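**Student:** Position chain B against the provided structure of chain A, taking the given hints into account.
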Amino acid sequence: MWEYSETVKEHYKNPKNVGSIENADAIGEAGALACGDALKLYLKIENDIVVDAKFQTFGCGSAVASSSMLTEMIIGKPLEEVKKITNKDIIDRLGGLPPEKTHCSVMGREALEDALKNYYGYEIGEKSTDKIICTCFSVTENTIKEAVEHGAKTVKEVADLTYASSACGRCKDAIQGIIDSIIGKKEVEQKALTPVQFAIKVNKILEENIAPELSKDKGGIELLDIEGKNIYIKLQGTCSSCPNSTATLKGFVEKKLKELVDPEISVISV
Amino acid sequence: MDTVYLDNNATTKVDPKVFEAMIPYFCENYGNPSSIYESAHVSHCAVEKSRETICEFYSASSPKEIIFTSCGTESANLAIRGTLHNTSKKHIITTKVEHPCVLNTYKDLEEMGYKADYIGVDENGELNLDELKSLVNQDTALVSIMAANNETGAIYPYEEAAEIVKSINPETKVFVDAVQAAGKIKLDVKNTKVDFMGISGHKFHAPKGIGAIYIKEGTNIAPVLTGGHQERALRAGTENVPYIVGLAKAAELAMNYLPYESTNVKALRDKLENGILSTVKNAKLNSRTKNRVPNTTNIGFEYVEGELILLHLDELGICASSGSACTSGSLEPSHVLRAMKTPFTSLHGSIRFSLSRFNTEDEIDYVLKNIPELMKKLAKISPFQKELSQILEI
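Residue numbers (our numbering), protein chains in the order written: chain A, 1 to 270; chain B, 1 to 394.
A hint or two may mislead.
[Claimed, not checked] Taking beta-carbon pairs under 10 Å as the criterion, some of the chain B residues facing chain A (in silico): (1) Ile168; (2) Glu171; (3) Leu308; (4) Thr345; (5) His348; (6) Gly349; (7) Asp365; (8) Leu368; (9) Lys380; (10) Ser382; (11) Gln385.
Just so you know, the hints here were simulated from the structure itself, not pulled from any lab data.
Computed from a prediction, not measured in an experiment: that's the story for all the values here.
Think of the CB as a built atom: it goes at the ideal place given N, C-alpha and C, for glycine as much as any other residue.
Chain A extracted, bound-state conformation:
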């Protein structure tokens, strides 16, 4: 059985503001019957202030408690404040939710967003093409990709870095898919690099990841030759006469190439 806080219990036992509002100024919906969770939120708005809010929820105890708490949190509040409410705010006010039940609070936030969109006639909040994978903690696809690029190899490791999937766990398969697509790709790249592909890749990294950094200090870099894993380069501009050029070479250029292309690379300045 779940451990619910006293506040959660109070709100599912005697939920506040249950029902609908006739002539509501905004109605928001989230979830669906098939998922086992659905919420309808009704708002009455006057002078940009939420003067009344009512809800109807199909869901478990924590879903009802989250909806009830949400209405309590927004009644009497100006829209500017209402917009800023997050899942975490709802959970905090409830005195916490079991991790597996975090997604229940997300539904409240989603219905609220939907209602405000309905009211304004357009999306609220930062527009983003970045897809949300973990709805419990609003973790996007790009954030998960970054975590994998930074070395996370399993769903658990992604969760340790981003919290994604550490609540209800419904997004675990999606995260595994992202990991597979990136790690799979890396393996293919490493296995299949021909000498020409290797050279192209080294050059690309030099141009895109290394040269721009050096140019910040008015320096530059030129690729002269590649022999096996030995990369012959020439430092230019301020870099060529810089007393720290060895540090730049080994600590930055070689490190970056090792990381992004091949760990056996050695960079030699000519």
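**Tutor:** Frame of chain A, contents of chain B only:
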């Protein structure tokens, strides 16, 4: 009203007579049955006398066919893994509605390279025996089929299934998970072609942590727990003497109460079921098989979510369950009701009520008095008011 416990398929109250029978084997007769002195002999005799009782409970041919285990899950693992250990056959069959102790064991075996098939049920929950017939082949090592379903109470024709299996491949072994049938309907294993049958004590008023398995004499099976010679070396580990005695006492009582189960307990269950279906308009019966254990009903409440119902029932002191207790830790709806293609409108709001001989008519009256009002209150919270108003008006 104190607690009304209607979750007896999850676990049961230990019968005080069972508890009493166990007590001497803790602090007085604590000898190891394998030892040689007098107090050990008392323990040994207690275990062997219990084995005779359990043999009778199963209607088995000989006490030698009874092995004590720790629970139903262990019995299932012994039958399934123990069979596969001694054969080169790689095909296994079970049903989509088994308990997780069988389903997850099969999933594990699939990962090890076995090929598993899962037979389905129809909308009423009846098992598709034609499908079973079409799946058994010369490579089939084992068929597992439950005697009664934990969530719906449906009784499956395991005797007929065993006949079908053996008629196609006599070498295929048949395991029956009888955990939910034991103590509710009569077991008569010697008149069937079943090779293994598992039971668990805590489902019929023995304590948790004791079970048994029937293994037909002459059946080739390897142990899962290896170690000492106990239980004919099929289940190593010192015998859990007080619990074995408790299991036997519970079985003895259950045999005496079988007629009571099929009359009085059934009457209370029917009263509860009919009462809810006639007073709560958005209630639909999920337990619709022709044959059902006498204590179980499963009812779906449309457009209301199950956990919310359980939490509010708990407030009223009523203990029930939404599907199997093993399922409640996850957020997935019941695999049994999904296999029956239960509509989404009532799938998430399905509640299992399971009675025992300890329930009274007063308790059922109390539930029936409170449920209609509660369901009206919960229906008001639902966003599907339009759909509900159509049902509630009819």
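**Student:** None of the hints should be skipped; say for each whether it holds.
**Tutor:** Hint check results:
Proximity of isoleucine 168/B to chain A is violated relative to the hint, the smallest CB-CB distance being about 38 Å (cut-off 10 Å). Below 10 Å, beta-carbon pairs count as interface contacts, and glutamate 171/B has none with chain A, the closest being about 39 Å; its hint is therefore violated. A cut of 10 Å between beta carbons decides the hint on leucine 308/B: the least distance to chain A is about 5 Å, and the hint holds. Checking threonine 345/B against chain A by beta carbon gives a least distance of about 7 Å; that is within 10 Å, so the hint holds.
Of the supplied interface hints, the one on histidine 348/B holds, with its beta-carbon coming within about 4 Å of a beta-carbon of chain A, less than 10 Å. With its C-beta approaching chain A no nearer than about 9 Å, glycine 349/B sits inside the 10 Å limit, and its interface hint holds. Residue-level restraint check for aspartate 365/B is violated (minimum Cβ-Cβ distance to chain A is 24 Å; threshold 10 Å). Against a cut-off of 10 Å between C-beta atoms, the interface hint on leucine 368/B is violated, since the closest Cβ of chain A lies about 22 Å away.
For lysine 380/B, the shortest C-beta to C-beta distance to chain A is roughly 6 Å, which falls under 10 Å, so the interface hint holds. About 5 Å separates the beta-carbon of serine 382/B from the nearest beta-carbon of chain A, less than 10 Å, and the hint is met. Look at glutamine 385/B: its Cβ gets to within about 7 Å of chain A, closer than 10 Å, so that hint holds up.
Of the hints listed earlier, those the structure fails to meet are numbers 1, 2, 7, 8, in rising order.
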